[in-house]
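Taking the hints into account, I'd like the entire structure generated from these sequences.
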Amino acid sequence: MSDLLTIKDLTYKKNQKTILKDVDLTLTSGKIVALLGENGAGKTTLMRIIAGVAKNYKGQIDLAGATKEAERKTKLSFTDGLTGFSDSTKIVQIVRFYSTIFQDFDENEFDELRKFMKLDPDMKLSQLSRGMREKLIIALTFARKADLYLLDEPFGGIDAMARKKIINSIILWKDEKSTILISDHFVNEISSLLDEVVIVKNHTVLEHKSADDIRQNNKSIEEYYESFYADEDDE
Amino acid sequence: MEFKDNIPIYLQIEQYLYRQIALGKMKAGEKIPSVRKLALELTVNVNTVQRALQEMNTQGILYTKRGEGNFVTEDTELLSKTKQSLINNELDEFVQNMEKLGVKQDELVSTLTDYLEHSEDHNEDHNE
Chain A
16 MSDLLTIKDL TYKKNQKTIL KDVDLTLTSG KIVALLGENG AGKTTLMRII
66 AGVAKNYKGQ IDLAGATKEA ERKTKLSFTD GLTGFSDSTK IVQIVRFYST
116 IFQDFDENEF DELRKFMKLD PDMKLSQLSR GMREKLIIAL TFARKADLYL
166 LDEPFGGIDA MARKKIINSI ILWKDEKSTI LISDHFVNEI SSLLDEVVIV
216 KNHTVLEHKS ADDIRQNNKS IEEYYESFYA DEDDE
Chain B
167 MEFKDNIPIY LQIEQYLYRQ IALGKMKAGE KIPSVRKLAL ELTVNVNTVQ
217 RALQEMNTQG ILYTKRGEGN FVTEDTELLS KTKQSLINNE LDEFVQNMEK
267 LGVKQDELVS TLTDYLEHSE DHNEDHNE
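Chains as they are written, first to last, in the working numbering: chain A, 16 to 250; chain B, 167 to 294.
Hint data in this document are derived by calculation from the structure and do not stem from the laboratory.
Certain hints may be false.
To be verified - What follows is a list of derived Cβ distance ranges for each label pair:
(1) A:GLY171 to B:PHE237: 36 to 44 Å
(2) B:SER200 to A:LYS234: 27 to 35 Å
(3) A:ASP18 to B:GLN220: 22 to 30 Å
(4) B:LEU189 to A:ARG111: 49 to 57 Å
(5) A:ASN232 to B:GLN220: 21 to 29 Å
(6) B:GLU234 to A:ASN232: 33 to 41 Å
(7) A:THR98 to B:PHE237: 49 to 57 Å
(8) A:SER44 to B:GLU243: 37 to 45 Å
(9) B:TYR229 to A:ASP18: 29 to 37 Å
(10) B:SER200 to A:ALA175: 23 to 31 Å
(11) A:GLU238 to B:SER246: 34 to 42 Å
Claimed, not checked - Pairs of lysine-lysine residues, derived as DSSO-like cross-links and limited to a Cα-Cα distance of at most 27 Å, are as follows:
(12) A:LYS192 to B:LYS203
(13) B:LYS170 to A:LYS234
(14) B:LYS231 to A:LYS192
(15) B:LYS203 to A:LYS180
(16) B:LYS203 to A:LYS160
(17) B:LYS203 to A:LYS133
(18) B:LYS170 to A:LYS179
(19) B:LYS203 to B:LYS249
(20) A:LYS180 to B:LYS170
(21) B:LYS266 to A:LYS234
Unchecked claim - Stretch-level coverage of chain A by chain B, calculated; a stretch enters the list once three of its residues show a Cβ under 8 Å from a Cβ in chain B:
(22) 79-90
(23) 151-165
(24) 182-188
Think of the CB as a built atom: it goes at the ideal place given N, C-alpha and C, for glycine as much as any other residue.
In structure tokens, the structure reads:
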């Protein structure tokens with residue numbers, strides 16, 4: 016298994032406030048990895064930096080040989096909150112946009128995903144429930160052919176059925192070589208899927224461990240994650 | 167499928183498949199479901215299923231036909247050994263649980279015989 020993503024000495028400040036510091040992280044190809052941490056720990060920022068959306072960071076990021084932001088963007092697919100589209104935009108219009116912007120966007124693949132998620136292409140964004148919107152975001156993200164998929168909190172505020180659909184789409188659509196990084200502040204629902212866990216706390220990557228190692232130490236992934244926050248509950 | 171927290175998932179998938187074979191749900195010489203189908207059924211990573219199947223190939227309980235998938239061995243001796251080890255696991259657990267309840271090993275046979283002789287009564291009790 017080869018290294019896919021290497022982050023070294025990453026520091027990021029915004030308005031003189033430190034969001035991330037001294038981040039080192041290496042991900043190999045073909046894995047499903049959870050990025051865990053409390054709200055505000057810096058998970059989304061880390062994803063935005065990897066994705067080349069957040070700039071002016073210090074440190075090195077290498078994604079399959081690509082170090083420049085523009086190059087990295089062609090090798091990864093990042094969930095977009097679809098905030099750039101107005102409420103009256105139809106799914107078909109968003110698909111057209113994606114297919115113009117991203118050379119690796121496969122419309123047939125999207126159609127398969129759309130059918131799997133049971134989404135009507137003529138629906139407008141304003142007509143989508145929270146769960147449907149999240150399913151659309153996942154379908155758009157997986158319809159690109161990338162080495163790295165960044166899913167930023169795909170399970171936030173959606174019902175159990177939508178969650179199940181999204182989890183199944185991960186199992187079905189992930190190819191052997193690509194790696195999926197999923198951020199969440201709650202691990203239970205995806206713990207059986209995971210190869211590795213990355214913990215973000217105190218503005219940095221605190222731990223990076225394989226799921227098997229955690230279980231072999233007689234802990235569930237959830238217990239392992241919660242152990243990083245145990246001290247705070249006691250205060 | 168519900169996984170136990172503290173055992174690597176691939177080991178639990180192995181145990182699950184061994185059980186399916188012992189129960190006759192997957193028969194000697196039969197093709198088992200594809201890796202992706204098993205992954206979906208168990209809500210696990212494809213890698214994890216592959217790892218479990220690889221180990222079972224090494225142990226000889228499964229064999230791979232190139233391009234066709236994984237099949238259950240036709241080696242009847244190995245199959246009955248597999249079944250016996252599952253039975254032993256169950257018995258281990260039973261003996262340990264009974265010991266915790268204060269039933270000593272030399273009392274096990276009489277306790278079990280007594281239970282089985284009256285098992286119909288127990289069942290009726292449950293039905294009422």
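Consistency of the hints with the structure:
no., hint, in the structure
1, A:GLY171 to B:PHE237: 36 to 44 Å, "holds (43 Å)"
2, B:SER200 to A:LYS234: 27 to 35 Å, "holds (32 Å)"
3, A:ASP18 to B:GLN220: 22 to 30 Å, "holds (23 Å)"
4, B:LEU189 to A:ARG111: 49 to 57 Å, "holds (52 Å)"
5, A:ASN232 to B:GLN220: 21 to 29 Å, "holds (23 Å)"
6, B:GLU234 to A:ASN232: 33 to 41 Å, "holds (38 Å)"
7, A:THR98 to B:PHE237: 49 to 57 Å, "holds (51 Å)"
8, A:SER44 to B:GLU243: 37 to 45 Å, "holds (41 Å)"
9, B:TYR229 to A:ASP18: 29 to 37 Å, "holds (34 Å)"
10, B:SER200 to A:ALA175: 23 to 31 Å, "holds (26 Å)"
11, A:GLU238 to B:SER246: 34 to 42 Å, "holds (39 Å)"
12, A:LYS192 to B:LYS203, "holds (19 Å)"
13, B:LYS170 to A:LYS234, "holds (10 Å)"
14, B:LYS231 to A:LYS192, "holds (23 Å)"
15, B:LYS203 to A:LYS180, "holds (15 Å)"
16, B:LYS203 to A:LYS160, "holds (22 Å)"
17, B:LYS203 to A:LYS133, "holds (20 Å)"
18, B:LYS170 to A:LYS179, "holds (20 Å)"
19, B:LYS203 to B:LYS249, "holds (25 Å)"
20, A:LYS180 to B:LYS170, "holds (23 Å)"
21, B:LYS266 to A:LYS234, "holds (24 Å)"
22, 79-90, "violated (count 0)"
23, 151-165, "violated (count 0)"
24, 182-188, "holds (count 4)"
Hints 22, 23 from the earlier list are contradicted by this structure; the remaining hints agree with it.
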